[in-house]
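There are 2 protein chains.
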Amino acid sequence: MAGNENRIWTAALVIIGDEILSGRTQDANLSALAKWLNIQGIRLAEARVVPDVQEQIVEAVNALRARNDYVFTTGGIGPTHDDISVDAVAAAFGVPVVIHPRAREVLEDYYATRGGLNEARLRMARVPEGAELIENRVSGAPGIKIGNVYMMAGVPRIAVQMMDSLEGTLEGGLPLLSQTLGAWIAESEVADLLRETERRFEGCQIGSYPFFREGRVGANFVVRSTDAHVMAECVKALFDGLIAAGSQPVSGGI
Amino acid sequence: MAGNENRIWTAALVIIGDEILSGRTQDANLSALAKWLNIQGIRLAEARVVPDVQEQIVEAVNALRARNDYVFTTGGIGPTHDDISVDAVAAAFGVPVVIHPRAREVLEDYYATRGGLNEARLRMARVPEGAELIENRVSGAPGIKIGNVYMMAGVPRIAVQMMDSLEGTLEGGLPLLSQTLGAWIAESEVADLLRETERRFEGCQIGSYPFFREGRVGANFVVRSTDAHVMAECVKALFDGLIAAGSQPVSGGI
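Those sequence lines, one after another, are chains B and A. Per the working numbering: the first sequence ends with 254, consecutive numbering throughout. Per the working numbering: the second sequence ends with 254, consecutive numbering throughout.
It is worth saying that the hints were derived from the structure and are not from the lab. Since the structure is predicted, the reported quantities are computational estimates derived from the model, not experimental observations. Treat the hints with care, as some may be off.
Claimed, not checked - Pulled a few chain A residues facing chain B out of the computed Cβ check, cut under 8 Å:
{"id": "1", "residue": "Ile39"}
{"id": "2", "residue": "Asp69"}
{"id": "3", "residue": "Thr80"}
{"id": "4", "residue": "Ile84"}
{"id": "5", "residue": "Thr113"}
{"id": "6", "residue": "Gly116"}
{"id": "7", "residue": "Glu187"}
{"id": "8", "residue": "Glu189"}
{"id": "9", "residue": "Gly218"}
{"id": "10", "residue": "Val222"}
{"id": "11", "residue": "Thr226"}
{"id": "12", "residue": "Asp227"}
{"id": "13", "residue": "Ala228"}
Unchecked claim - In silico lysine-lysine, DSBU-like type, Cα no more than 35 Å apart, as pairs:
{"id": "14", "chain 1": "A", "residue 1": "Lys35", "chain 2": "A", "residue 2": "Lys236"}
{"id": "15", "chain 1": "A", "residue 1": "Lys35", "chain 2": "B", "residue 2": "Lys35"}
{"id": "16", "chain 1": "B", "residue 1": "Lys35", "chain 2": "B", "residue 2": "Lys236"}
{"id": "17", "chain 1": "A", "residue 1": "Lys35", "chain 2": "B", "residue 2": "Lys145"}
What the hints assert, rightly or not - Quick list of simulated restraints, FRET-style, between CB atoms:
{"id": "18", "chain 1": "B", "residue 1": "Val95", "chain 2": "A", "residue 2": "Glu171", "range": "19 to 27 Å"}
{"id": "19", "chain 1": "A", "residue 1": "Asn148", "chain 2": "B", "residue 2": "Val250", "range": "35 to 43 Å"}
{"id": "20", "chain 1": "A", "residue 1": "Val217", "chain 2": "B", "residue 2": "Glu135", "range": "15 to 23 Å"}
{"id": "21", "chain 1": "A", "residue 1": "Glu171", "chain 2": "B", "residue 2": "Arg213", "range": "45 to 53 Å"}
{"id": "22", "chain 1": "B", "residue 1": "Gln26", "chain 2": "A", "residue 2": "Gly215", "range": "34 to 42 Å"}
No residue lacks a Cβ here, since even glycine has one placed at the ideal position from N, Cα and C.
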C-alpha cells in the first residue's frame with residue numbers, strides 16, 4: 001500500500017460463545033483488541049457476538065472478512081464438543097479441517113507432563129486446511145490464521161498473549177490518537193460547541209460521553225484524529241470553549 | 001402465540017458507539033440485557049457493535065429486526081452531534097423524524113429546574129414517526145419503541161432502568177434455566193463425558209468454560225434448558241460423571 005499512507009485499515013471482531021449471549025460471561029476481549037489494534041494503526045470497525053452455531057459463525061466471518069482488512073475471532077477453539085469455531089471457519093473458507101503437524105507437536109510437548117495427548121486435546125491441533133498457527137505461550141493450544149482471519153482463544157489472558165505474538169506482523173496505517181477533556185457540565189449545554197469545534201478541525205471526531213456521579217452530571221469529551229498537530233489544536237479550541245461555557249475542563253478526563 | 005408455548009422467542013442487540021469500538025468504554029449493557037431477557041423468556045440470539053455511522057446502524061437494525069422477535073439498541077440517543085441513532089432507526093423504517101409531544105413535555109418538566117429546554121435538549125424528544133416512549137425515571141430523556149425495535153440509553157444505569165420500565169410488557173416463552181457445576185479438572189479430560197451427557201438429555205446444552213487460577217486448571221460446566229426436570233437429571237448425570245472422573249464437582253460453580 002505504498003503511496004497510500006492515509007488509507008484507513010480496518011478490522012472486525014467475531015465473539016463466539018453462548019456464554020456471552022446468556023449474560024454469564026462479560027466479554028473482555030473487545031476492548032483489549034481495540035486498544036491493541038489502535039497501536040497497530042488498525043481501526044476496529046465493527047463486532048458481532050454470535051452463538052455456538054456453525055451457520056451463524058460462517059455468516060458473520062464471511063460478511064466481515066469481505067469488507068475489512070482483518071477479522072479476529074475469539075472463543076470456541078478448545079477441546080470440548082461446544083468448540084466448533086475451527087469447523088465453522090473452515091466451512092466459511094470452503095476447505096476441510098486437517099490436523100496441523102506443528103500444532104500436534106506443540107500439544108504433545110505441552111501435555112507430556114500433564115497426562116498425555118488424548119483425543120479431546122488433539123482436537124486443538126485441528127485447523128482449516130492451509131492455516132498457519134499463532135503462538136500460545138500460556139496453555140499450548142495455538143491460535144490460527146487463515147487468509148485475513150485470526151482465530152484466538154476466548155480466555156482473555158490467552159487472547160491478550162496471542163495479540164502479543166502477532167505484534168509487528170500486521171500492516172496498518174497511522175495510529176488513531178485520542179485526547180480526553182472532562183468537565184462537570186451537562187453535555188446538552190455544550191452541544192453546539194462540540195458540533196462546531198468538530199467541524200472546524202478536519203479529520204477530528206469529538207465523542208461526548210455523559211455520566212452521573214456524586215449527584216452531579218458531567219461528561220468526557222474525546223477528541224480523535226490520526227494527526228497529532230490538528231488534534232492538539234482541536235483540544236485547545238474545545239478547552240477554551242468549555243471555559244467560556246463556565247466550566248473548568250480537566251485534561252485526561254474525569 | 002397460543003398453542004405454541006415451546007417456541008423460542010429471540011432478541012438481538014445493536015450496541016451503537018465509537019467509544020465501545022475504540023476500547024475506551026467497556027460495554028456493560030449486553031450482559032445486563034441478556035440476563036433480563038432470560039427472565040422474560042426471551043433469548044438474546046446475537047449482538048452487533050457498530051460505530052456512529054448511519055448506514056451501518058441501518059444495516060444492523062434491518063438485518064436483525066427481520067429475523068428476531070425483538071431488537072434492542074443502546075447508545076446514541078443523547079443531545080449531542082454524535083447521537084444519531086434516532087435518525088438511523090427512522091431511516092431503517094423509512095419514516096421521518098418528528099418531535100414526540102409527550103417526550104417534549106417530559107423534558108420540559110425535567111429541565112424546568114435545570115436551566116430550561118434548549119435546542120440540544122429538545123433533540124432528545126425526536127423520535128421516528130409512529131414511535132412510542134419508554135419511560136426514563138433517571139434523567140428524563142425517554143427511550144423509544146418503534147415496531148419491534150426498543151431504543152435505550154447507552155449509560156448502563158439508565159439502560160437498566162428502561163428495562164425495568166419494560167418489565168412485563170414483552171411476550172416471551174419459557175425462561176431459559178441454567179445450573180453450573182465447577183470442577184478442578186481440565187475440560188480436555190472430560191470432553192467425552194460432556195458430549196455424551198448432553199446427547200442423553202434432550203433440550204439440554206452443556207457449555208464448558210475453562211479457567212486458570214492459583215496455578216491450577218479448572219472449568220465451569222453450565223447446563224441450560226427450559227425444562228427444570230430434565231435439567232436436574234442432566235446435572236445429576238454430569239455430577240456423577242465428574243466424580244467418576246476423579247474430581248469433586250462444586251454446585252454453583254467455582
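Going through the hints against the structure:
Here the hint on Ile39(A) is broken, as its CB sits about 10 Å from the closest CB of chain B, past 8 Å. Hint status for Asp69(A): violated, given a least beta-carbon distance of 15 Å to chain B, over 8 Å. This hint holds: Thr80(A) has a C-beta 4 Å from the nearest C-beta of chain B, less than the 8 Å allowed. A hinted interface residue such as Ile84(A) counts as satisfied when its beta carbon comes closer than 8 Å to some beta carbon of chain B; here the least separation is about 12 Å, so the hint is violated.
A cut of 8 Å between beta carbons decides the hint on Thr113(A): the least distance to chain B is about 13 Å, and the hint is violated. Look at Gly116(A): its Cβ only gets to about 10 Å from chain B, farther than 8 Å, so that hint breaks. Given the 8 Å rule on beta carbons, the hint for Glu187(A) holds: about 5 Å separates it from the nearest Cβ of chain B. Using the Cβ-Cβ criterion of 8 Å, the hint placing Glu189(A) at the interface with chain B is satisfied: the shortest such distance is roughly 7 Å.
Look at Gly218(A): its Cβ only gets to about 12 Å from chain B, farther than 8 Å, so that hint breaks. Interface restraint check: Val222(A) against chain B, minimum CB-CB distance 6 Å, threshold 8 Å, status holds. At about 13 Å, the closest approach between the beta carbon of Thr226(A) and any beta carbon in chain B exceeds 8 Å, and the interface hint on this residue is violated. This hint is violated: Asp227(A) has a C-beta 17 Å from the nearest C-beta of chain B, more than the 8 Å allowed.
Using the Cβ-Cβ criterion of 8 Å, the hint placing Ala228(A) at the interface with chain B is not satisfied: the shortest such distance is roughly 17 Å. For the hint pairing Lys35(A) with Lys236(A), the CA-to-CA distance comes to about 24 Å; that is within 35 Å, so the pair holds. Using a Cα cut-off of 35 Å, the hinted pair Lys35(A) and Lys35(B) holds, with the two alpha carbons roughly 28 Å apart. Restraint check: the Cα-Cα separation between Lys35(B) and Lys236(B) comes to about 24 Å, which is no more than 35 Å; the hinted pair holds.
Straight-line distance between C-alpha atoms of Lys35(A) and Lys145(B) comes to about 34 Å, which keeps the hinted pair within the 35 Å bound. For Val95(B) paired with Glu171(A), a C-beta distance near 43 Å fails the hint of 19 to 27 Å. Judged by the Cβ atoms, the range 35 to 43 Å given for Asn148(A) and Val250(B) holds: they are separated by roughly 42 Å. Here the CB-CB span from Val217(A) to Glu135(B) is close to 19 Å, well matched to the stated 15 to 23 Å.
Distance hint for Glu171(A) and Arg213(B): a CB-CB separation of about 37 Å, inconsistent with the stated range 45 to 53 Å. In this structure the hint that Gln26(B) and Gly215(A) lie 34 to 42 Å apart at CB is violated, the actual value being about 24 Å.
In this structure, the earlier hints numbered 1, 2, 4, 5, 6, 9, 11, 12, 13, 18, 21, 22 are contradicted, and the remaining ones agree with it.
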